Amino acid sequence: MGYVWDFFAVARNADILLAGLGQTMLLSVCGIAVGVAIGGVLAAMRLSGRRTLSWPALAFTEFYRNTPPLVHFFWFFYGLPMAFGLTLPPFAAALAALGVQSAAFFAEVFRGGILSVETGQWEAGRALGMGRARLMRRIILPQAARRMAAPFVERSFELVKTTTLAAALAFHETIYSAMVIVTQTYRPLEVYTVVAGLFFVVLFSASQLAEWLEARGRRAGAR
Amino acid sequence: MTVAGDVVLQVEDLHKSFGSTEVLKGIDLSVRRGERIAILGSSGSGKSTLLRCLNVLEMPTRGRLILDGEAVGKPAAGGATRYREAELNRLRARVGMVFQQFNLFPHMTALENVMEGPLSVLGRSRAEARRTAQRHLERVGLGGKADAHPARLSGGQQQRVAIARALAMDPEVLLFDEPTSSLDPELVGEVLGVINDLSEDGRTMLLVTHELGFAYHFATRILFLHEGRILEDGPPEQVLKSPREERTRRFLDRFTAFRF
Numbered sequence: 001m002g003y004v005w006d007f008f009a010v011a012r013n014a015d016i017l018l019a020g021l022g023q024t025m026l027l028s029v030c031g032i033a034v035g036v037a038i039g040g041v042l043a044a045m046r047l048s049g050r051r052t053l054s055w056p057a058l059a060f061t062e063f064y065r066n067t068p069p070l071v072h073f074f075w076f077f078y079g080l081p082m083a084f085g086l087t088l089p090p091f092a093a094a095l096a097a098l099g100v101q102s103a104a105f106f107a108e109v110f111r112g113g114i115l116s117v118e119t120g121q122w123e124a125g126r127a128l129g130m131g132r133a134r135l136m137r138r139i140i141l142p143q144a145a146r147r148m149a150a151p152f153v154e155r156s157f158e159l160v161k162t163t164t165l166a167a168a169l170a171f172h173e174t175i176y177s178a179m180v181i182v183t184q185t186y187r188p189l190e191v192y193t194v195v196a197g198l199f200f201v202v203l204f205s206a207s208q209l210a211e212w213l214e215a216r217g218r219r220a221g222a223r
Numbered sequence: 001m002t003v004a005g006d007v008v009l010q011v012e013d014l015h016k017s018f019g020s021t022e023v024l025k026g027i028d029l030s031v032r033r034g035e036r037i038a039i040l041g042s043s044g045s046g047k048s049t050l051l052r053c054l055n056v057l058e059m060p061t062r063g064r065l066i067l068d069g070e071a072v073g074k075p076a077a078g079g080a081t082r083y084r085e086a087e088l089n090r091l092r093a094r095v096g097m098v099f100q101q102f103n104l105f106p107h108m109t110a111l112e113n114v115m116e117g118p119l120s121v122l123g124r125s126r127a128e129a130r131r132t133a134q135r136h137l138e139r140v141g142l143g144g145k146a147d148a149h150p151a152r153l154s155g156g157q158q159q160r161v162a163i164a165r166a167l168a169m170d171p172e173v174l175l176f177d178e179p180t181s182s183l184d185p186e187l188v189g190e191v192l193g194v195i196n197d198l199s200e201d202g203r204t205m206l207l208v209t210h211e212l213g214f215a216y217h218f219a220t221r222i223l224f225l226h227e228g229r230i231l232e233d234g235p236p237e238q239v240l241k242s243p244r245e246e247r248t249r250r251f252l253d254r255f256t257a258f259r260f
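These protein sequence lines are chains A and B, in that order.
Taking the numbering used here, the leading residue of the first sequence gets 1, the next gets one more, and so forth.
Taking the numbering used here, the leading residue of the second sequence gets 1, the next gets one more, and so forth.
Derived from the structure by calculation, the hints contain no laboratory data.
Some hints could be false.
[Said to hold, decoys possible] Quick list of simulated restraints, FRET-style, between CB atoms:
(1) B:VAL7 / A:LEU115: 39 to 47 angstroms
(2) B:GLY141 / A:TRP55: 45 to 53 angstroms
(3) A:PRO151 / B:PHE260: 50 to 58 angstroms
(4) B:ARG229 / A:GLU62: 43 to 51 angstroms
As the structure is a prediction and not an experimental result, all values here were calculated from the model.
All residues carry an ideal CB built from backbone N, CA and C; glycine is no exception.
Here chain B stands alone, though its shape is the one from the complex (with noise of 0.2 angstroms):
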């Protein structure tokens, strides 16, 4: 049963060490269902690890992580969890991801690409996937470059397409990493304007984005992320307006130095 509500992705104590550099130095986060949650931070902050780590796209040094209620991968010596290759498969078919570099399949049109998450890992049949693929491109509103390879999209375009692969999979979170941060400025707008519809679907979405004006009309929470630690946590009229740190109001007056 699912609620609107619910806790539906929990992490503890996560850290994360890229050799003798420890990105994450303990992350403690509840995320309920429907929370769209804008993750900020300067670069270096590890908020991409944390993003990556809630999808084990990056292993976890130590930590654990719970989807619905169910621990995944095993406790393992010093704190660190062994995973399971099926078990982190069927963990990344439920949390979706949106790339900074789309990451689109060259090989494959836009249509066979919001495909191959059905087909190939769902099992759902080629006619079925087709019907949702193409369902999803409309709603990104590609519906007319279906038969396109990424190679004759525009970034913005390609960036839709990676969005409608990521709903295929119908996720119960839905992760993007700086999904604006490689487009150019005039094409920010038409993905900022296709994640903010998603909005109305109640789909559980954290963002890490630099975008601050999107990051308080989108979200209902926002986390500011400092040398690995959560600093600050609250709705975005707070966090954003009234930080409670010193380092968070720094962060936020360097993107409002220029003003017009």
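If we strip away everything but chain A, and leave its shape as in the complex, we get (with noise of 0.2 angstroms):
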């Protein structure tokens, strides 16, 4: 006799999955918005051209590259508590290994779309008496900021689902809630489908967003 589905045991529960998959959303948000922030920082200097700036920008990215990120979840977890006394609630420790580990990422990104611009545009401005700032702002990033976009979403994207790892430190995103549910039901290949599919869901209308505003931007530019 084959496995009988029973996927009323996750519909009974739906509102705790929910409530995680809410959380879930807040924090790969949150840590978009911290990883985006620290990244910029970490990509201005890798840019600037000054050593003492961008030896240790590139170190500490290449760190964050290499080090698989359940780690740093323990650290700023279970580490900060016993190296500094600075006790950190699961969701604000989840922020800080997210943030810090994808701003590793997004620098690349950033990096990668601003050298990606030509030599020749850096030189115009220049040549019209362009400031640093004001030719970043107006040439530079205008023209890098197309580039880096389908790079950015797949960044995402794997932070999203890297957020799961919070589960590990007790924080109530979908995978905890879901390791509720299974406790209570005993209904873990159905829980687990569901999580599954609500993540598919989720990310795949995100991708398909991004790919209209990426097509809308590129006939804005080819106009």
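Hey, can you piece these two chains together into the complex? The hints should help.
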């Protein structure tokens, strides 16, 4: 006899799961915001042309790119209290780990986008007498932004999926909520299948929206 | 006070090295207001580097740069000069440049390209910048292309927009770095025509080019660079028709080897 699927077990607990999904979204949005802010600073440091700034930024980026994210979650949650007597609630610890780790990736996205703009564009702006900040704002960033869009979306999706690691800190996001429902219903297959479905719906819709926005941006640029 | 004929731009003992390669080996040059100088030389002679040092897109390794009687930068150790960014920006706003690769801003229309300098560097109002930009586009024969993005323009049209963009800053000196070298042969004429028409303004212009015929008609003075030094400096008639140096003669012979 085959396995009998029972999705009613999940449906009865939909409120728990949806609350978890809400927390996942909150953590994702905050994580992207923190990651973009720190990533912007890191990219600026690496592009500054000064070793005292670019080397620390490079070391930071390489460290976070080449170590598993779960370790960073544990460090912020369990490490900080031991090392500095600073205890963070699960959300803050997860946000810190996620923000700092994704900053390393966003920094690379920003740096790559800016470096992809031809040197002739910098020279044309400088030849007009534009200062560095204005040149960046008026000439370089508008062009770089279009090239950053696709990798930025890609990185953001990675970040959304990485938020599930916050379950390991007992933060009530989607996976943690799923585990709670599993212990009550003993229906792990159904619960996790629904979780996968939820992530798929959210991320697929977001990617469709991103593609539409990108296409619109391209049309505006090629006018 | 600006009078035609006084010295507008002067370089003294200009050196430029890239790593251990010395590209400019001591250039002394006085440019008088209203002069149109064509700079000739084979590739690697340093002519583009010289031009790019004049608006400090390349940082000279040594030497002095004097614009309108004012030295640019402060002397530093070893004959080098230290330049502050604000000072360089002011200099570049007064010394325009047209590039071989046009370097138009692809995210802006032709009109916006020409407006950008007056708007964001000279602080002009949007309405005024728009008015002068339109006028300059008409001057280069592209009044009807104001709303086109560079991708929609031919190479010749792009270069004419780039010329309008440089003119919109009303520069005291205008530099052309091989402005027709990346154009299809049939588009060269329209760009040279526009440059030639600028002569009537009396604006000081320096042009690096391989178009000897154009240099002959356009320039009031010709420099021939060889291995980082000025080998010949004189009116077109003399430099092109009776050059003093053997090197210059050999260079010119290569251009006239095939005649019909």
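Structure-based check of each hint:
Separated by about 41 angstroms at the C-beta atoms, VAL7 (chain B) and LEU115 (chain A) satisfy the suggested range of 39 to 47 angstroms. For the hinted restraint 45 to 53 angstroms between GLY141 (chain B) and TRP55 (chain A), the CB-CB distance of approximately 51 angstroms keeps it satisfied. Checking the proposed 50 to 58 angstroms range against PRO151 (chain A) and PHE260 (chain B) shows it holds: the Cβ atoms sit about 55 angstroms from each other. At about 47 angstroms, the beta-carbon gap between ARG229 (chain B) and GLU62 (chain A) stays in the expected band of 43 to 51 angstroms.
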